[in-house]
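Novice: Sequence:
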Amino acid sequence: SGEELTKLGKSASLVGSGFKSASGKSIVPVSNEAMQRAIALFNECANETESGEVEMSALKSPSLEVSSSPSRKEDNPELSPVFDFDGSFEISSQMINVLEGKVSQPQQKTQSLLIEERRVALRAEQESNAESRFKPMDASNRSAWRDKSHSVSSRASYSKSHQVIHEPSTPGLLWRRRKIGICSVRGIPISFSGPVDKELNFVGDFLRLENTGPFSLSTASDMRFKVDSDDLHSSYLLGDDVEIIPDSFGYVGCEEIVRAFVCSPGVTNGLATHQWIAHHFCQLVWRFGSTALLHYDDLVRNVFPNLTLPDSSMERTDGRLLLHALLLELKYRYDRELEAVQRPAIRKILERDDTPAKRMILCVSHLESLPNHQYRGRLTDGWYHVDWVPDPLLTRIIERGQIRVGSKLATAGAELVQAPSGFCGDKGEKLRGEDAHLFGEFSNGLALRLNGNSTVRAPPNARLGFAGRQPMAHLPPTPLSSISPDGGAVSSVCVLIQ
1028 SGEELTKLGK
1038 SASLVGSGFK
1048 SASGKSIVPV
1058 SNEAMQRAIA
1068 LFNECANETE
1078 SGEVEMSALK
1088 SPSLEVSSSP
1098 SRKEDNPELS
1108 PVFDFDGSFE
1118 ISSQMINVLE
1128 GKVSQPQQKT
1138 QSLLIEERRV
1148 ALRAEQESNA
1158 ESRFKPMDAS
1168 NRSAWRDKSH
1178 SVSSRASYSK
1188 SHQVIHEPST
1198 PGLLWRRRKI
1208 GICSVRGIPI
1218 SFSGPVDKEL
1228 NFVGDFLRLE
1238 NTGPFSLSTA
1248 SDMRFKVDSD
1258 DLHSSYLLGD
1268 DVEIIPDSFG
1278 YVGCEEIVRA
1288 FVCSPGVTNG
1298 LATHQWIAHH
1308 FCQLVWRFGS
1318 TALLHYDDLV
1328 RNVFPNLTLP
1338 DSSMERTDGR
1348 LLLHALLLEL
1358 KYRYDRELEA
1368 VQRPAIRKIL
1378 ERDDTPAKRM
1388 ILCVSHLESL
1398 PNHQYRGRLT
1408 DGWYHVDWVP
1418 DPLLTRIIER
1428 GQIRVGSKLA
1438 TAGAELVQAP
1448 SGFCGDKGEK
1458 LRGEDAHLFG
1468 EFSNGLALRL
1478 NGNSTVRAPP
1488 NARLGFAGRQ
1498 PMAHLPPTPL
1508 SSISPDGGAV
1518 SSVCVLIQ
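Going left to right, the sequence shown walks through residues 1028 to 1525 as the working numbering numbers them.
No lab work stands behind these hints, which were simulated from the structure alone. No incorrect hints appear here.
Pairs of lysine-lysine residues, derived as DSSO-like cross-links and limited to a Cα-Cα distance of at most 30 angstroms, are as follows:
1) Lys1375 to Lys1162
2) Lys1435 to Lys1206
3) Lys1385 to Lys1206
4) Lys1385 to Lys1375
5) Lys1435 to Lys1385
6) Lys1435 to Lys1375
7) Lys1206 to Lys1375
What follows is a list of derived Cβ distance ranges for each label pair:
8) Asn1399 to Gly1231: 41 to 51 angstroms
9) Ser1396 to Glu1158: 38 to 48 angstroms
10) Ser1243 to Arg1205: 22 to 32 angstroms
11) Pro1398 to Ile1524: 43 to 53 angstroms
12) Pro1506 to Arg1431: 20 to 30 angstroms
13) Asn1399 to Glu1282: 36 to 46 angstroms
14) Leu1149 to Gly1428: 43 to 53 angstroms
15) Ile1207 to Pro1447: 43 to 53 angstroms
16) Leu1140 to Asn1471: 42 to 52 angstroms
Note that beta-carbon positions come from the ideal geometry of N, C-alpha and C, so glycine has one too.
Please build the complete structure, drawing on both the sequences and the hints.
Specialist: So this is what it looks like as structure tokens:
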């Protein structure tokens, strides 16, 4: 009570050095102002309790409970006192807020605790549901799903190239927009002019990278999106009806996305694996995160205003809007690759169902220097990756800095070869192991060999993958003056016979 605290303060002032620990060591004295403020707070709580307006259960704070054993450690250091090496009592941040008059209202604190309890229950339920939905379908369910797919595919349309396009059973927003010819989020213009700073940081706190290293494809899995704001919810409905449950700090990462996506109503049980969702999440995070780093203003002006959240009453924060766009893209990839069975370029090449000699545009996703002035690279079509063996001509261009991570290359006449011994290294073995989960063991050790004489740099807004129309000569004619003897085969030249 306030009277007991007043007596305790008087006894402490008689000592002259403040409170003492159990070991007898002096602690920093408590000022009279802080003591009077604490007494006033205790008296105010006592008066409210007598009037019956506030329940003591709502005012009970773990920061006021002291363990009898100094060696005991609580789960949350912010909610419990901390003992240092000599056994002295160290005031927590919540007690400091109480002494400084910054304590929040009991009703708001109770509401946040109730939301967190609700999230814990929803998280456990979603984890159990995700575990069951990752399991392969049994024979009866597989037969029912096949019959449903056949009934849906009976309405399949034909493209201009006379290819059958199977319709997904539950198409997402981007698939429906693509079918009626409406441009998706990717078609919104973003400027590419202007110098790029060497050190870039995310604006605000709507994105957080847990890894302390630079942002890259290898660290994309550590990216987390902030979805909490002043209006707290136990869960958020984003993308194509994907229920997102953030962690205790209001952020969402790879594990939360994988769990929420497989439990969404538009995903069939056992069709999308954990590795598939995590892989494409990292691919999209690498692209969206790079755009947020380089073109944040363009996102705010051109992209975010065109996005409509499923819940119109939800606050439009940067983290929610960016995650909403990412989930729409993830559902589009699911609809196109798994439901409609339209495979991207690199997957067709690695599965030996298409030739790498076609004209295609790839992006450099990884570059690693090797001994003897050699480089190991990774190329991506936006969906999957393949190792890259640069020839001497492309190696010189890399050393001059004209090809780096993020550069797009237009090539023709490429070859799928066995990677040289010692080409992959430790990091390469890890990447090859990840590819084995996606394509099987037969994809290990394969690399794409590009010919420098048949490779040119593509503009930043070039579309990745196979070219829409394959010309007979594959690439524009190469001038004879730019042909290098160590640049491999030449795609095409234009000569005049005299």
